[in-house]
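One letter stands for each residue in the lines below.
There are 2 protein chains.
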Amino acid sequence: MSNSERTLHLNAFLMSTGHHEASWRLPESNPHSSTDVRHYQNLARIAERGTFDSVFFADSPVIYGNVGRRPVGKLEPTVLLTALAAATEKIGLIATASTTYNDPFNLARRFASVDFVSGGRAGWNVVTTAGPDAARNFGIEDQPSHASRYERAAEFLDVAGKLWDSWDDDAVLADKAAGVWVDSDRVRAIEHEGKHFKVKGPLNVPRSPQGYPLIVQAGSSEDGKDLAARYAEAVFTAQQTLEDAQRFYADLKARTAAAGRDPKGIKILPGIVPVIASTEAEAKRLEQDLDDLIKPEYAQIELARTLRVRPEDLPLDRQLPADLPDEDTIEGAKSRYTLIVELARREQLTVRQLIGRLGGGRGHRTFSGTPEQAADAIQLWFENGAADGFNIMPAVLPSGLETFVDQVVPVLRRRGLFRTGYTGNTLREHYGLERPLNRYSGALAGSVRA
Amino acid sequence: MSNSERTLHLNAFLMSTGHHEASWRLPESNPHSSTDVRHYQNLARIAERGTFDSVFFADSPVIYGNVGRRPVGKLEPTVLLTALAAATEKIGLIATASTTYNDPFNLARRFASVDFVSGGRAGWNVVTTAGPDAARNFGIEDQPSHASRYERAAEFLDVAGKLWDSWDDDAVLADKAAGVWVDSDRVRAIEHEGKHFKVKGPLNVPRSPQGYPLIVQAGSSEDGKDLAARYAEAVFTAQQTLEDAQRFYADLKARTAAAGRDPKGIKILPGIVPVIASTEAEAKRLEQDLDDLIKPEYAQIELARTLRVRPEDLPLDRQLPADLPDEDTIEGAKSRYTLIVELARREQLTVRQLIGRLGGGRGHRTFSGTPEQAADAIQLWFENGAADGFNIMPAVLPSGLETFVDQVVPVLRRRGLFRTGYTGNTLREHYGLERPLNRYSGALAGSVRA
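Those protein sequence lines, which keep their order, are chains L and F. The first sequence runs 123 to 572 under my numbering. The second sequence runs 123 to 572 under my numbering.
In isolation and in its complexed conformation, chain L is listed as follows (with noise of 0.2 Å):
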């Protein structure tokens, strides 16, 4: 596989037991490994084994959903990413932050800390963090707008670069005879001054192996969309059907040439949630047996939340009531709740069934079959303008990923469509993506980045 050919990019998104709800409750499966780091130790070993670009963690400051249900009370990503980078070498450790819960000049240095204790290994999921519930751990009793927590979120990214740029990559003179630790001329306040925030700068740690850690979106709503044209350099995406895939890549890449950037420098990696088995029919039956575990009283409640109806509005051997809300009027998690009501008219389910949908993986798309089947819809994704590569969700962890490693990656391989080792040593180089100037002093090297 030369460096020149188009390459599949794979992420493994973890999640304590795996993705489908009912995992904790397998024979198999250590209902306390949310908090066991030595459990995501063995998982992020397991993904490099395999190859992959980066594992990633989702988080929200806040618990959503009744805490019974499954595993939940998570270790914050940051922190759990440094203890993974001790434990792996080369892959990438990306973490998801709020920027609607943070401030940018303490979460701007804690992704260059990461970066720097991993080796240039660091990510950053930029979310909004949608719900009322977050809000109020933070004193706020309704939650920002949908288009407010945007706005936010650009200008803090705005923010960020700025302070990584702060320092020039050859700041540190380290002169000891003239007893001059750093150029001071090439630290500087960044005197930002904007509608959300005000950051005079410097940061207090110099520029990171990666300039900035790689950014990051998961969120598909227009704003989200819009964000990601701007800023991302891979997003994360729950997509159903090749055409919406299809119909999703194109729009992205389109608003990313048109946000000025080049469109290969944005990677979009759909969410598949694999069950694989030796036979067809054997995946089907994990897949049926894992279901069975749902208990929907849980379920109906937090899907009733996102639709923003009554629980006793959703029988389960009904379909969703036809008189749900506009999508324009949800404040929250817009693109989630689209795909769910699409999901559900398009193929008619009851409640009951979307709950097996959903439970399986959030929204994302389910697949069940052989290893052969599980390359073949990669692929074709991959060459049909859908995808430049997936974000793996197995549905029940470790055995859910070491089953794609083992046997799905073996045959991406030999297909000439996924790496067989590691070329580079950063995240960005696994993404075959740049290493940005420095705002500041890119000039002196004759180009700026806006």
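Rather than coming from a laboratory, the hints here were simulated on the basis of the structure. Where hints are given, some of them may not hold.
The list treats identical chains as interchangeable, and a pair is accepted whether it falls inside one copy or across any two copies.
Here are the simulated BS3-like cross-link-like pairs (lysine-lysine), alpha carbons at most 25 Å apart as the crow flies [as the list claims (entries may be wrong)]:
1) Lys406 to Lys386
2) Lys298 to Lys386
3) Lys298 to Lys406
4) Lys417 to Lys298
5) Lys298 to Lys375
6) Lys386 to Lys212
Following the hints, position chain F against chain L.
What follows is chain F alone, placed relative to chain L:
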């Protein structure tokens, strides 16, 4: 050494190339160590070999003073300590974090996460962060007043404690058969509403191995001592003389008792900057070599800022001016201000001499001599009501820490003052402190923590 005997506690206060401001200029020093995780992993392993209770990093969300002077730009401590957790097994890990420039929800969660990842070795040095420069990195033009910062710190600690108690220790049932992961009655909202914070909770991570991280405090102003008396379990302090240290020790133990706590539950550790060699003359020579590398023009400007005067008011070869501002007007680091002025007046130091003393240890007690002399100095304070242990601040790293561990620790062990091996696994166990009861469910066990 039996468990009932009083035991010396040693913390290694680590800082890039060492506490002496010119340490980075020595031929042996790596001037890029401030962002090199391997440097710190090496230091933590040396301290663990010396059975230190803990390692510790100071921190501020800002660069103070001239960036050219010495290695500035530091890794964020919770990230750095997580990386050290992976490289060590027993030693405690204390990170500094500001209550003025953090949110309780995020910070409480991060410390709980470090506590999980380290197996119960996390500590939090609670600081309120002086100075307008830090404020300006968070959109605030003038720093909050000293009193307001300490008021917020106390409420911050209350909120954090409630969040750490929001899950009962036995909340996770993991009942696979019934499909109930957690007993939802044992995870509760905290519904905190105070002057500075409104936080609903619960925390989104279970109660951590230590319940709470070890709470450490380092300010020695009146407000700082009152905060320590109410909350702190270990106190780092700068004391220059036995008499001052005894006065501070007695005062803080009395305040702790007055706050309704057992005075044994607060360990007082004065800082000491040891420069150790096989003869006293050689140690003095080492110290002088370091002092000769100080560039007074950097230090003069910083001293002027601390004393709230102009640099030209501080001629290098004269004593401090008589008309300095009164401590009561200082809104910054009050206790440091007083310590510097008293040191200069007591010893009638010129500005140049004062700079030498401060350059060596930033107001902490410097000590140069043989290993036996160092052990004598430590024993004298430990046995005469001045200290429960020491905050060891090597002038040069790693060599100063190695010398202390290899030459002073064996003397302390021979004298029966210090442990020969770890007897516990958690930071609280090293300091001989209880795991806090849960304020909500502790009542069930017959006792409630206030």
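Hint by hint, here is what the structure shows:
Taking identical chains as interchangeable, the C-alpha atoms of lysine 406 and lysine 386 are never at most 25 Å apart, the minima being 36 Å within one chain and 62 Å between chains. In this homomeric assembly, lysine 298 and lysine 386 never come within 25 Å of each other (Cα to Cα): the closest approach is 44 Å inside a single copy and 46 Å across copies. Proximity of lysine 298 to lysine 406 under the C-alpha cut-off of 25 Å is restricted to the inter-copy arrangement: shortest distance 22 Å between copies versus 67 Å within a copy. Only between protomers do lysine 417 and lysine 298 lie at most 25 Å apart by alpha-carbon distance; the minimum there is 11 Å, versus 66 Å within a single protomer.
With identical chains, the CA atoms of lysine 298 and lysine 375 are never at most 25 Å apart, being 49 Å at best within one copy and 45 Å at best between copies. In this assembly of identical chains, lysine 386 and lysine 212 lie within 25 Å of each other by CA distance solely inside one copy; the values are 23 Å within and 47 Å between copies.
Checked against the numbered hints above, the structure breaks hints 1, 2, 5 and satisfies the rest.
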